[in-house]
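Colleague: Assemble the whole structure, with the sequences as input and the hints as a guide.
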Amino acid sequence: MNRSRGRLDARENARDHSDLAASLNARIAIVAFIIVCQLWALTAALDAWLGASPAEVWLLLGFQVLAFLSVLLISRSSPKE
Amino acid sequence: MRDDHAHRRLLDRIREDRLVTRRDYLRLLATVSGGLLAGTAAVASGIFRRRGSGTTTEKKVADSVEPGDSFTFDYPGEDDPAIGVRLADGSIVAYSSVCTHLACAVLWIKEKNELECPCHDGIFNVRTGEVEAGPPPRPLPRIALEERPDGIYAVGVIE
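So the sequences go chain by chain: R and C.
Take the numbering used here: the final residue in the first sequence is number 190, and no numbers are missing along the way.
Take the numbering used here: the final residue in the second sequence is number 402, and no numbers are missing along the way.
The set of hints was computed from the structure by calculation and includes no laboratory data.
A hint or two may mislead.
As the list claims (entries may be wrong) - Covered, in the sense of this in silico footprint (three residues per stretch, anywhere, with C-beta under 8 Å from a C-beta of chain C), are these stretches of chain R:
id, segment
1, 134-148
2, 155-169
3, 172-182
To be verified - Pair ranges (Cβ atoms, derived):
id, chain 1, residue 1, chain 2, residue 2, range
4, R, LEU168, C, PRO392, 41 to 49 Å
5, C, PRO378, R, ALA131, 44 to 52 Å
6, R, VAL174, C, ALA376, 36 to 44 Å
7, C, GLU321, R, ALA135, 28 to 36 Å
8, C, ASP255, R, SER179, 48 to 56 Å
9, R, ALA130, C, PHE291, 39 to 47 Å
10, C, LYS353, R, SER179, 54 to 62 Å
Everything numeric in this text was worked out from a predicted model, so none of it was measured.
Each residue gets a CB set at the ideal place from its N, CA and C atoms; glycine is no exception.
Modeller: Below, the structure is given as structure tokens:
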């Protein structure tokens, strides 16, 4: 009885761990995608600055702020063990 | 029994290490994200000097120029090379002579009636400074000139 209970616990632990890992992996993938977008935004902002389009630069800065807040939110809300 | 316990503890440690690594990776990505935000804020705050920007005081740049001829000068700063051209109709134009592609010197080609960057064959319209051919992504910054009895003066940068 105890042995079968132990096996069930081990299986649940493994499933929990795999769910946790999948959740963290998904978060890393989303954050990595946001960072790629941020890289693009930085180059676009530099180009806009050199092309004397300050309005565009501020718009891209706004995007960067939103992106960073999203990254913070995603990383802070990651599930605890 | 003891071995079983030790084995389980070892597995727990390995799992925990893997989780820590993933969390650390997420933290690292968040730091990179913050760095990119800081970089864009630096661009927006004007930390990088834009060529042709700066104080635009009046400056005498030439005494006189014949139609079809060009002259070079530095404006608005001493490190901002510029080129002026008197067109065939008598009007006079001036631009920053730094190519907007990779900062080579832009030259006046009288025979073709165009401003050309010889590095990558960028061609700019001499009347407007707009890109007509080649890789430059932006037009040349234009410099406003005024003709006075004692010479030609640069009076500002038109962006």
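Colleague: Between LEU168 of chain R and PRO392 of chain C, does the beta-carbon spacing fit 41 to 49 Å?
Modeller: Check passed, 46 Å falls within 41 to 49 Å.
Colleague: Confirm or reject the coverage of the segment 134-148 of chain R by chain C under the rule of 3 or more residues with a beta carbon closer than 8 Å to the chain's beta carbons.
Modeller: holds (count 9)
Colleague: 44 to 52 Å was suggested as the range; check whether the CB atoms of PRO378 of chain C and ALA131 of chain R agree with it.
Modeller: holds (45 Å)
Colleague: For the hint 54 to 62 Å, verify it against the beta carbon of LYS353 of chain C and that of SER179 of chain R.
Modeller: Since LYS353 of chain C and SER179 of chain R have Cβ atoms about 55 Å apart, the given range 54 to 62 Å holds.
Colleague: Is the hinted range of 28 to 36 Å satisfied by the C-beta distance from GLU321 of chain C to ALA135 of chain R?
Modeller: violated (55 Å)
Colleague: Holds or violated: the 39 to 47 Å window for the beta-carbon distance between ALA130 of chain R and PHE291 of chain C?
Modeller: holds (42 Å)
Colleague: Mind checking, does the segment 172-182 of chain R have 3 or more residues with a CB under 8 Å from chain C?
Modeller: Since 6 is at least three, the answer is holds.
Colleague: Verify the coverage statement for the segment 155-169 of chain R against chain C, using a C-beta to C-beta distance below 8 Å and requiring 3 or more qualifying residues.
Modeller: holds (count 10)
Colleague: Could you see if the CB distance from VAL174 of chain R to ALA376 of chain C stays within 36 to 44 Å?
Modeller: Given range 36 to 44 Å: holds, Cβ gap about 39 Å.
Colleague: Does the Cβ pair ASP255 of chain C, SER179 of chain R satisfy 48 to 56 Å?
Modeller: Given range 48 to 56 Å: violated, Cβ gap about 33 Å.
Violation of the numbered hints given earlier is confined to hints 7 and 8; the remaining hints are satisfied by the structure.
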